[in-house]
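Residue numbers (the working numbering), protein chains in the order written: chain A, 306 to 609; chain B, 306 to 609.
It should be emphasised that the hints constitute simulated quantities derived from the structure, not laboratory data.
Quick reminder that beta carbons are idealized off the backbone N, C-alpha and C, glycines included.
A portion of the hints provided could be inaccurate.
Unchecked claim - Short derived list, chain B residues pointing at chain A, Cβ under 10 angstroms:
1) Leu437
2) Leu440
3) Ala528
4) Asn533
5) Asn600
2 protein chains.
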Amino acid sequence: MSDPRLVIVGSIGIDHIETPTEKRPNLLGGSVSYACAAASFHHPPGMVGVVGSDFPEEFLELYRSFDVDLQGLQHAEGQTFSWTGVYAENMDNRETLETVLGVFESFEPTLPESYKSAPFVFLGNMHPGLQLHVLDQISAPKFVLADTMDLWINITRDDLEKVIQRVDMLTLNESEARLLTGTQHLIDAATSLLDLGPDHVLIKKGENGSMLFGKEGTYIQPAVPLANVTDPTGAGDSFAGALMGYLTQQDRCDHAAIRRAMVNGSVVASFGVEAFSLEGLQGLTQEQIQTRTDNLLAMMRVED
Amino acid sequence: MSDPRLVIVGSIGIDHIETPTEKRPNLLGGSVSYACAAASFHHPPGMVGVVGSDFPEEFLELYRSFDVDLQGLQHAEGQTFSWTGVYAENMDNRETLETVLGVFESFEPTLPESYKSAPFVFLGNMHPGLQLHVLDQISAPKFVLADTMDLWINITRDDLEKVIQRVDMLTLNESEARLLTGTQHLIDAATSLLDLGPDHVLIKKGENGSMLFGKEGTYIQPAVPLANVTDPTGAGDSFAGALMGYLTQQDRCDHAAIRRAMVNGSVVASFGVEAFSLEGLQGLTQEQIQTRTDNLLAMMRVED
Numbered sequence: 306m307s308d309p310r311l312v313i314v315g316s317i318g319i320d321h322i323e324t325p326t327e328k329r330p331n332l333l334g335g336s337v338s339y340a341c342a343a344a345s346f347h348h349p350p351g352m353v354g355v356v357g358s359d360f361p362e363e364f365l366e367l368y369r370s371f372d373v374d375l376q377g378l379q380h381a382e383g384q385t386f387s388w389t390g391v392y393a394e395n396m397d398n399r400e401t402l403e404t405v406l407g408v409f410e411s412f413e414p415t416l417p418e419s420y421k422s423a424p425f426v427f428l429g430n431m432h433p434g435l436q437l438h439v440l441d442q443i444s445a446p447k448f449v450l451a452d453t454m455d456l457w458i459n460i461t462r463d464d465l466e467k468v469i470q471r472v473d474m475l476t477l478n479e480s481e482a483r484l485l486t487g488t489q490h491l492i493d494a495a496t497s498l499l500d501l502g503p504d505h506v507l508i509k510k511g512e513n514g515s516m517l518f519g520k521e522g523t524y525i526q527p528a529v530p531l532a533n534v535t536d537p538t539g540a541g542d543s544f545a546g547a548l549m550g551y552l553t554q555q556d557r558c559d560h561a562a563i564r565r566a567m568v569n570g571s572v573v574a575s576f577g578v579e580a581f582s583l584e585g586l587q588g589l590t591q592e593q594i595q596t597r598t599d600n601l602l603a604m605m606r607v608e609d
Numbered sequence: 306m307s308d309p310r311l312v313i314v315g316s317i318g319i320d321h322i323e324t325p326t327e328k329r330p331n332l333l334g335g336s337v338s339y340a341c342a343a344a345s346f347h348h349p350p351g352m353v354g355v356v357g358s359d360f361p362e363e364f365l366e367l368y369r370s371f372d373v374d375l376q377g378l379q380h381a382e383g384q385t386f387s388w389t390g391v392y393a394e395n396m397d398n399r400e401t402l403e404t405v406l407g408v409f410e411s412f413e414p415t416l417p418e419s420y421k422s423a424p425f426v427f428l429g430n431m432h433p434g435l436q437l438h439v440l441d442q443i444s445a446p447k448f449v450l451a452d453t454m455d456l457w458i459n460i461t462r463d464d465l466e467k468v469i470q471r472v473d474m475l476t477l478n479e480s481e482a483r484l485l486t487g488t489q490h491l492i493d494a495a496t497s498l499l500d501l502g503p504d505h506v507l508i509k510k511g512e513n514g515s516m517l518f519g520k521e522g523t524y525i526q527p528a529v530p531l532a533n534v535t536d537p538t539g540a541g542d543s544f545a546g547a548l549m550g551y552l553t554q555q556d557r558c559d560h561a562a563i564r565r566a567m568v569n570g571s572v573v574a575s576f577g578v579e580a581f582s583l584e585g586l587q588g589l590t591q592e593q594i595q596t597r598t599d600n601l602l603a604m605m606r607v608e609d
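Let's have the full structure, built from the sequences with the hints guiding it.
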């Protein structure tokens, strides 16, 4: 297998999820699972993460079915990271019932040699100290995207700011952007974040799409309107993973390419939330992706 | 003055508004005020509404400054309709402190002869019985848009459904669409509303833009991203007014024209919310509108 040109780092988890209509235990989850599966439709990624001794062989098979390179996957003694959550009626709000860090607590993302020259890197949501550790191992990255969450904004802001300074693009959701910058206004928040260093800031707004900010302008990406949302878990990770997969495939990281990558991210993520875990992405064909992409573009088009 | 080709009916109010940063009493408000001012940038409308004996002459002057035809404006003895409201910190939620119906309570929207042949009609938010009364007087409308609100959905659903059956387009906000159809999912809600009769359903989502549903497809219109929102009152009315002004100017009501009209609606409404009352629309130039339209289109554009 050739060296992966896209490396994705993040959490691997066993999720126990309850929605208003269904209860599903023991699902494959975690940021890197969603991101790698989603990226694979454009370019097969190399995965960096850790699983415990309880991690089912069938989940490894699932990764392989998406052509994910597993050289960077670590196997440790102990329990795999686990998340238990419940979604409220409108699917917008979720409550965490339990988080078990397990082997993720002592995770050190050491990259295989073959990963260190990767031009495209997605630092999934995890402790910013770990994200920095990954960055230190990449020799000459062309485009690095980092995700984060409210927890790191609250408890380890210094490390997070160091990450933000060193990446090409930061992605986070609307409320996190407000929390990190202390401003209600999204445009002001994006401007503050750009001032920290990255060329691009990508703010996720769930079913209301996402917005790209940068010196080459602002872009507004609508989400695919869906009649059926089964499980929104991992939507942001799938979105970012597909976006990075597209950029890697195109070997581009210019503003126009990022816009187009966001279309692809929205499309792939929309399939993901129509089922639990990776089930919405399993067996998905290029033709299905293309059809939905054409439909989304048609919904965005206007006479000039 | 020639017969108005666009007739707009609705409420005229004196608003007392408090935002997190400012308190402004005695502002010109009401759906027809915002809608007529916004429409005027594309086509001067004829206004149908009622004011009381306390209505300031300067507000009439303001209407005239927007080239609004006032033949349909009724003057009645008593107090003008009045609304007092407070916006919460995030400007998303507002609370009504007081509503005084005044002369609006016995309002009968009788149209001047010169209005009855208007091809374009916007039935602003008011009692559906009054909206039906207006429809009965229009001889051969080409395109009728109706707005509504939760109050009418709750207390006079039968009349509202009659209105919906008779118009070409229904507009309402996200939560109202859910309330009226009893479904959480926006696509299902839109489908149910289309089943009631109109060719188009336009769902407003505030700062998250709007969506057009119809048999010719779905269109997603982003709102203009704004750093400064001073007063969101009337945003939906300005949006709909500018949309109707554009269609009247173009003398079109096909799907492609409606998409383009939504761009214009978003742009004009964005100026409106940057100041209180009609202040954001006063003195606004075609050049300013064009520049912001170009900017918005650039934020929506993606390589195919």
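Taking the hints in turn, this is what the structure says about them:
The criterion of a C-beta within 10 angstroms of any C-beta in chain A is not met by Leu437(B), whose closest approach is roughly 31 angstroms, and the hint is violated. With a cut of 10 angstroms, the hint placing Leu440(B) at the interface with chain A is violated, because the nearest CB-to-CB distance is about 30 angstroms. Against a cut-off of 10 angstroms between C-beta atoms, the interface hint on Ala528(B) holds, since the closest Cβ of chain A lies about 9 angstroms away. The beta carbon of Asn533(B) comes within 8 angstroms of a beta carbon in chain A, closer than 10 angstroms, and the hint placing it at the interface holds.
The closest approach between the C-beta of Asn600(B) and any C-beta of chain A is roughly 9 angstroms, which is under the 10 angstroms cut-off, so the hint is satisfied.
Consistency with the previously given hints fails for numbers 1 and 2, ordered from lowest to highest.
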